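Novice: Each chain is listed here by its residues.
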Amino acid sequence: MIKFDEVHKRFPNGTTAVHDLSLEMPEGQITVLVGSSGCGKTTTLRMINRMVDPTSGTIRLAGKDILESDAADLRRGIGYVIQQSGLFPHRTVLDNVATVPLLLGWGRKKARSRAAELLETVGLAADAGKRYPHQLSGGQQQRVGVARALAADPPVLLMDEPFGAVDPVVRTQLQDELLRLQKDLAKTIVFVTHDIDEAVRLGDRIAVFRTGGHLVQCAEPAELLARPADDFVADFLGAERGLKLLSLSTLAGLPQGPAPEGGRWELALDSARKPLGWRDGDAAADSPLLPVRALRDGDSLLSAVNESIASPAGLVARVDADGVLTGVTARAEIHDHAGEAHISAGAAA
Amino acid sequence: MTIEWGWFPDHIDEMTRLTADHLSTALSAVFFGLLIALPLAVIAHRFRPLRGFVLGLSNILYTIPSIALFVLLLPVTGLTRTTAVVGITAYTLVVLVRNTVEGLDTVPAKAREASTAMGAKPLRTLFTVELPLALPVIMAGVRVATVMSISLVSVASAIGQGGLGQLFIDGFQRDFPTLVIAGVALTLLLALVADAVLVTVQWLATPWTHKRGA
Amino acid sequence: MLELLKNLASWLTSGPQWSGNAGIAHRLVEHLEYSLLATLVAAAIALPIGMLIGHTGRGAFVAVNLASFGRALPTVGLVTLVFLAGGLSKWPVYISLVALAVPVIITNTYAGMAAVDPDIKDAAKGVGLRGHQVLWQVELPLALPLIMTGIRLATVQVIATATIAAYVSFGGLGRYVYDGLAQRDLVQVLGGAALVAVLAVAADLALGGVQRLLLRGRPASAR
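Residue numbers (full-length UniProt numbering), protein chains in the order written: chain W, 1 to 349; chain D, 1 to 214; chain C, 1 to 223.
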């Protein structure tokens, strides 16, 4: 666990970057620090591995004041990922990943085999190791950055807008990948971003900062979305705050009925009973099917609301893990449930 | 080695004359250098194959001792200021051509395309977009060329056109260090002032490079 | 012009011209000796200073403007001054050549280290490299191309300027230039100048080879 106790940071030029911050970042969880630029979130992150030292207050890592550790030794035990990855352009990808193990005196062979193993873990092909960073795409470089941070298996990972420079599709992939890794590794992750959607997607807890280095609210995503502490947080969360909350609950438990028969709209299925599309009974027999996006129990309530609006029949097709139809849920049912989810999240908070 | 301060008040006229000669030789060289370098660089920038040739040639020029170049020009231009100016001009080309080509390289392709897209012909794009945007790098070259020229003029003292460099020869022959010190100091001062003037000119000519509020 | 080139060819190719204490071979060795020693001493002085300024970021203003100062310093004047102060020795030659080379190397070394992406230095510190490890493992390797450019530039300048040794009565290829000037013998001047140019180009090519060797295996992006 990382614990900030009345930490204050004032830079020599007089600006206050972090203002009397007291905050806990629980072990094995992802804490996202979010806020607009100049709010002190990056400075907060950089104080954890002593890239910046606080003006006053204490930061404890696993109960120990970090100022008591040698800065370089401390950093070798903390993974660090930054935007644009900060890879060394003159070293191969493999040697980049092996940096910290080599610093820790692992020996070249062991460090390299560990690095190769990690490249696979972060989803890179083995031959990527022989390449130089600039020969990889932005998304791949970011994966190498994560692999380098994980190399010595540090319990803590600091990530400073790591996915800020890649396009939205790749960003979503990288976010999924991080969540998948985190399920196995259970690191204590501190993640800085200015993207509230990213924060909601990744965070077990979200800390919202305001310009001048003030922490405004720190809560679980559902609580934050349901009960923003003030107008600043509400504004920051954006106009679709309610919809974002729906992205946190799933369809599981929502009742389903049989697919409609005999009406205007019928669900066309293939031989394995997988949905193909909606057939319009009023249209000519050879007209094309209208697209259907069938949902699984693990999909979010938000995607169900979206599909219920997009579906011509006002019905959401539900499938099992193999994609086989299990039933349909009506628009009204989904909307009722969405409203209840909102209320219950508020009540839990 | 002592400086004889008493020498200075009696020789202000001579020093002024030498300084003026020195400066006019150096500035003439930079002027003619720019006149030759700009079109040469634009052509070398447009036609890739010429680029290596032009830059390579100017680099080889750099390896020829300046004193030798002056002497070799003697049969053509004699013991005149022209010899000094031509020789120094040749050296300024090394810097001016390279910097102009590199300056044109720094012009973002998008700026060039935008100008073309708005209907400007190539020559107009060159004068209204490319050269202005290349100006910071070109001016850096002009500064280097100017300072280098001011220093080189003293070498031309071997052919009697050395400006302040004449003080080195006189000081050497009369075993009178005061003259040499005065020559070195004035050359450095001249270079410093010329550089400062050019920095100011560049700052005024490129308002888009200023930091906000500056 | 053609006549001059023909005479130059016979001057360069005549056997006796190459041998003896006043021969081309001997002058070449002298010239190389002055240039090499001066460049080595200059590098020994300038590299640590440039590295220190680049690593700490302190004194950047000095580093940037030193090259300009070095260019402005009139070598003829400096040689004359040291000669008048210290009398007949090789000190004037070495002092002025070193003074010529030091600023170029400092400025380029500093520029190379300053050009290293701050994000990369930040990441290096962030993963736990100590100051000296950042310097040796990240900053210096990435600055190497510009550092080598500085050394090559300095070498070419020193070789071209080492003709000055003849001005204060020593040897080297400058002998032909100054003797030719005194005797109004253009062929000799041209021969000396050509030899200096060839030596400078050869030295530059050799250093270019060293540079390629040091950077072999690296991607173009880190050259």
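In short, the hints are calculated from the structure, not lab data. Here the structure is a predicted model, which means the values were calculated and not measured. Ideal Cβ positions, reconstructed from N, Cα and C, are used throughout, including at glycine. Errors might be hidden in some of the hints.
Label-pair restraints from in silico Cβ distances [unchecked claim]:
id	chain 1	residue 1	chain 2	residue 2	range
1	D	G78	C	S10	22 to 32 Å
2	D	T116	C	R212	37 to 47 Å
3	C	R216	D	V76	24 to 34 Å
4	W	M1	D	A111	44 to 54 Å
Novice: Are G78 of chain D and S10 of chain C spaced within 22 to 32 Å by their CB atoms?
Specialist: holds (26 Å)
Novice: Please check whether M1 of chain W and A111 of chain D have a Cβ separation lying inside 44 to 54 Å.
Specialist: holds (52 Å)
Novice: Hint says 37 to 47 Å; check whether the CB-CB distance for T116 of chain D and R212 of chain C agrees.
Specialist: holds (39 Å)
Novice: CB of R216 of chain C to CB of V76 of chain D, is that within 24 to 34 Å?
Specialist: violated (46 Å)
The structure is inconsistent with hint 3 alone, although it conforms to all the rest.
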